[in-house]
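S.K.: Letter by letter, the chains look like this.
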Amino acid sequence: MSTTDAEATTSQPNDTTDDLTSLRHSRRRFGDKVFKGISSGSGTLILVILAAVATFLVGLSIPALTADAEDLQYGEFWSYALPFAFGTVWAATLAMVFAVPVAIGIALFISHYAPRRLAQGLGYIIDLLAAVPSVVFGLWGINTLAPMMRPLYVWLADNFGELPVLGWFFTGPVSGTGRTILTAALVLAVMVLPIITAISREVFLQTPRLHEEASLALGATRWEMIRQAVLPFGTPGIVSACMLGLGRALGETMAIAMVLSPAAVIHFELLTSSNPNTIAGNIALAFPEAFGLGINQLIATGLVLFIITLAVNMTARWVLSRRKEFSGAN
Amino acid sequence: MSVTTSSSLPSEALTAGQLPKHTAIAMLVVAVAITAGVLALFGAAGPASVIVVGALLFLVAMFALSGAVEGIRKAKDRMARYVVTGFFIIALFPLVSLIWQTIAKGLERMDAQFFSYSMRNVIGEGGGAVHAIWGTLIVTGIAGLISVPIGLFTAIYLVEYSGRGRLAAAIRFFVDVMTGIPSIVAGLFAYTLFSFVFGPGTNSGFAGAIALSVLMIPTVVRSVEEMLRLVPNELREASYALGVPKWRTIAKVVLPTALAGIVTGVVLSVARVIGETAPLLVTAGITSSLNVNPFADPMATLPVFVYYQYITPGVPQDPFYARAWAGALTLILIVMGLNAIGRLIAWKFAPKTGR
Amino acid sequence: MKIRLTAALGLSAALLLSACAANEGTPAPADSATGSAATDGSAPASDLQGTISGKGSSAMNSAQTTWIAKFQEANPGVTVNYAPDGSGAGREAFMGAGVDFAGSDRAFKLDENVAGASSLCADDSIAYDLPIYVSPIAVIFNLEGVDELNLDPDTLAGIFKGDITKWNDPKIAALNEGVELPDMDITAVHRSDDSGTTENFTDYLNKTAPSVWDNEADGEWTYEGGEAAKGTSGVVAAVTNGTGTIGYADASQAGELSVAKIGKDGNFFGPTAEDAAKAVDVSPMEDGRDANDLAINLDRGAEGYGIVLVAYAMACAEYADPAKAELVKAYLGYVASEQGQNDAAEGAGSAPLAEGLREKVLAAIDSIK
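Protein chains in written order, with the UniProt record's numbering: chain R, 1 to 330; chain C, 1 to 355; chain S, 1 to 369.
Since the hints were derived computationally from the structure, they do not count as laboratory data. For glycine and all other residues, C-beta sits at the position ideal for the given N, C-alpha and C. Please note that a few of the clues may not be correct.
Each computed DSBU-like pair below joins lysine-lysine, with the alpha-carbon atoms no more than 35 Å apart [what the hints assert, rightly or not]: (1) Lys70(S) with Lys171(S); (2) Lys252(C) with Lys33(R); (3) Lys70(S) with Lys261(S); (4) Lys109(S) with Lys360(S); (5) Lys329(S) with Lys109(S); (6) Lys70(S) with Lys105(C); (7) Lys109(S) with Lys264(S); (8) Lys207(S) with Lys324(S); (9) Lys329(S) with Lys166(S); (10) Lys105(C) with Lys278(S); (11) Lys324(S) with Lys360(S); (12) Lys348(C) with Lys33(R).
Derived coverage of chain S by chain R (criterion: at least 3 residues anywhere in the stretch with Cβ under 8 Å from a Cβ of chain R; other residues may be distant) [stated by the list, open to error]: (13) 84–93; (14) 190–201; (15) 221–229; (16) 243–253.
Just chain R, same shape as in the assembly (with noise of 0.2 Å):
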């Protein structure tokens, strides 16, 4: 099925160009089915691994999801896992809160406001973040961030804890380490920034420059250039990087479990010792020491993961929709 779908949508503009000798033309037609069996096998490819990668899941799960609570080494499923599953989503809409905005920013700067040959430099600086391993990170929070935030905690606790709805989130006691919710999401928020920058900074160099020449010419500043020319073409790229870079944010595992004090609880407290965990950072937290259908349940809670995930990619799939998708390949 899918494979005659492709053949219709390129056999077209072949016919059209086509006016060669049949032999040409044969080896031509040749060198292309190659080409394209080769790209569409890849892509079907990551089907079927992704079609094993959910069997896995789903197949182990299934145990945990249908034994009684008492065989269950942690208990009844949904209200063990719903606040993981909060918590998930609560650390990685923090993280993007803080990451988006900024590395956008900095992806606008190196791009379009630092002199070029200080970009290149600041680009490379920003792509090495990447690659530090999420122990570090994890040794990080603990050792530097969550020491140094903390008097800010206290501060925020102190002036807001009390106010009618930022008392929701900045209620004390402070945390004594200031291991919290609000330290692991800016940690996070480190981690995915050099994704989200890497990809941004790459659209906004492709902006064609006759738009961005136009858009002066008829003398905008250089914020209207940018408005006018640079973020509306660069709209689908960034909103693909902020899906690779939530998709990191969700599963992210051992920083979280390094860095966040977890308890089994379900609020929007920011400050405090007992903060939601998240899914991932659970599993590398109890999979050591968990046996027999311990296991299918903690496997059963990454599939609840995966289903956040795929809701997170639809809502966005669903908003990018609505707007027109820019491509040259169009």
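Start from chain R and add chains C and S according to the hints.
M.R.: Showing chains C and S alone in chain R's frame:
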């Protein structure tokens, strides 16, 4: 900043009001000084609060001043520049702090022994990470060999062959889903797969490579697709018009044009997985001996090496921590090397454009 | 910049190019060392050959590393692997015959340890639980101006349960006359991961202060509140970096932190190797087990330092593969020897087994077939 100001546009001449060149710097100094003074009066002057409040004061004052002298459009333009620059400086802080910490603590053990010894029969001090370095290169190399071709050709299929097909829509959607596979789940998947095929509890470098591939493929597809999409259609049409077959157009025109971006994407995706700890923990495992056979026995990798050196140190702890940091620094150096090579490739083979 | 980086990479690549480790001899034995084929015997001190692998408790990883290094030095033909994946993972792998021995922070339960349960063992063989690693768990704290602290079980339980929230609480003050305790919040740090250390710590609290600590021992934290951190190193880092913090960690990892003394009625003990070994030595064996299945029923309230972790090695009474039995016997025999216990004390800071228990363990190992 002065460079960008001086390289401003010819429209300057048309604008009547214009702030002197160094107004911004002067304003920044004044704003911080005022803030420090006022906060000191209330007894709340700390370095952090002075910088934050000072920066806010600077933004407000600059906006007002520029709005009055240069007009609202110019003021907005300035605001955008300062905010963007500010974001950049904010991001530099964790970066510098992280890299500095790693370098400062990692240099202690960056000696010849670290790069020539494994941990076999090493107790306490000494020892090295040569087994883990090889493991990381082998595991990541295999993961790259699997992921890059698959990812590249999938992106080509998505952009060049079936922009709107149903299969393409499915692939695009599921690639996005795949980016959300948590790294530990990828590891468990590979572990279970290999336990199923080769018996329970099997650790091998290849299992680690499979786990990393699952994480790496979507990153490659997404970034390469983005880059291919940006190749102007005019180039393709010109090539077709000359009678060049589609596959040659892709190989000779589209890919070279997008090469710099593709290389960035691939290096980024390698960087994304090379530091992964959790999936390698369960798949490749850990050993203290050198093992260069990815198909049998546990294989040490740098992130896992770093993890265990830090998490389960012996007595005294210091040599273990020193090895952990040296391992982290080595990992960063490896990625720096890859990055440099990638840039070299991009610079050498990419067609020269207007930029 | 770019050139220098490339040069640096080239240099490290050149160093690595030979794909061998300087401490592993020539490349050929290095290859055999990883277990594929150890047939080319190069005149070893002993004639043992082969590879065994174990998996399990991360608490005793540094002890295992020490034992493996010493054992491999004495037996160059043997490679021992130990993967610190966690006790649960170790027990699972043992039952699935994925490893040759397991390390665990708790013994097999009686209903788990039935004859023929593991395909690793001969058909009618049970597994032996062999206590090989004893480590006191220290109560560490970080409180400016206070270096010494005495706590009794009730107070300790109150602090970790969240009932006692201030450092100058009268209950703490009563135990520490002459110490100036500040009016500061207590931040109690517990393990966020499921661990044998937590299980032993909560077991101690549950047995010695049942009126306060009314939850049963569990590897996961069962009370709400308090700060949590991953692994022993995470707890140590949190206690070190925080203010007014208290936590529990393997005594060998306490480092520079202050350590509280635990006890009651004026008798307070620090987490020393002797006091910990004493507490284990006086504890009885669990009832209803095979004479060689040495699960200890720890007497937490006994004289000595009761907050101890006892980790076990699991081996088959009779292996399906006699070659494996020979290697496991040799390895565990060394581990439980006086030399092995002292090596671990030096390399990992554990408490050597007391003489009486050690003899029993050695006898059990001797009976492995």
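S.K.: Compare the structure with each hint and give your call.
M.R.: Hint by hint, here is what the structure shows:
no.	hint	verdict
1	Lys70(S) with Lys171(S)	violated (48 Å)
2	Lys252(C) with Lys33(R)	holds (17 Å)
3	Lys70(S) with Lys261(S)	holds (34 Å)
4	Lys109(S) with Lys360(S)	holds (20 Å)
5	Lys329(S) with Lys109(S)	holds (23 Å)
6	Lys70(S) with Lys105(C)	holds (29 Å)
7	Lys109(S) with Lys264(S)	holds (32 Å)
8	Lys207(S) with Lys324(S)	violated (40 Å)
9	Lys329(S) with Lys166(S)	violated (52 Å)
10	Lys105(C) with Lys278(S)	violated (40 Å)
11	Lys324(S) with Lys360(S)	holds (22 Å)
12	Lys348(C) with Lys33(R)	holds (31 Å)
13	84–93	holds (count 7)
14	190–201	holds (count 5)
15	221–229	holds (count 6)
16	243–253	holds (count 3)
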